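Novice: In terms of the numbering used here, the sequence shown is residues 1 to 174.
Hints are supplied without guarantee of correctness; some may be wrong.
[As the list claims (entries may be wrong)] Distance windows between CB atoms, simulated: (1) Gly173 to Ala147: 35 to 45 Å; (2) Arg137 to Gln160: 30 to 40 Å; (3) Glu76 to Gln116: 53 to 63 Å; (4) Arg137 to Lys109: 37 to 47 Å; (5) Arg137 to Glu172: 43 to 53 Å.
No wet-lab data here; the hints were simulated from the structure.
Remember, it's a predicted structure, so these values are computed and weren't measured experimentally.
Note that CB positions come from ideal geometry on N, CA and C, so glycine has one too.
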Amino acid sequence: MALAAAPGKREKPVVGNNAPGVSGTPIPRADFLPQDLEADELEAEDLAWLLARQKQKLQKAETAGLQRESAARLAEIEDLHEDLFTRVRQLQSRMDAWKEALLEREGLKLLYEQLQGDHLDQQYTLGHLRSENERLRLELEEARNEALHEYEETERLKTQLALLRDLAREEEGF
Numbered sequence: 001m002a003l004a005a006a007p008g009k010r011e012k013p014v015v016g017n018n019a020p021g022v023s024g025t026p027i028p029r030a031d032f033l034p035q036d037l038e039a040d041e042l043e044a045e046d047l048a049w050l051l052a053r054q055k056q057k058l059q060k061a062e063t064a065g066l067q068r069e070s071a072a073r074l075a076e077i078e079d080l081h082e083d084l085f086t087r088v089r090q091l092q093s094r095m096d097a098w099k100e101a102l103l104e105r106e107g108l109k110l111l112y113e114q115l116q117g118d119h120l121d122q123q124y125t126l127g128h129l130r131s132e133n134e135r136l137r138l139e140l141e142e143a144r145n146e147a148l149h150e151y152e153e154t155e156r157l158k159t160q161l162a163l164l165r166d167l168a169r170e171e172e173g174f
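Please work from the sequences and hints to get the whole structure.
Specialist: Structure (structure tokens):
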């Protein structure tokens, strides 16, 4: 007997003179094949069909399990994504606060530099006023000395004039 079957297709056995390598008279089928072969073949087909069906059920169950697992993982990833998004918003808020603080710091730094410039100008003006004050004090002291000298000269001259008057009276009185 030779079976030449293509995958997935059953062929009937070739018997008798038509079988390769066999010559002679045909062999009756009943003598060659077991009696329950056809029933066994049908049962094998049924079992193969049941096996394929069980395999499909298992694959569906596995696919459903994988889908549930994927859905759970996807939900977990979405939660992580939302968590990250919240953290990014918080970080952005803190960065905005830092930027605002840096701008305020720069403004204060510029104001401080301006105040330092004003302070230096005032110190220069104060130095100028002090030197002017010193010059005026020296002039005042010189003017006082001159006035004192003139006063003393006037007093001396008054004294001399009084003496001269006294002398002139004495001479007249003589």
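Novice: What hints, given by number in increasing order, does this structure fail?
Specialist: Every hint satisfied by this model.
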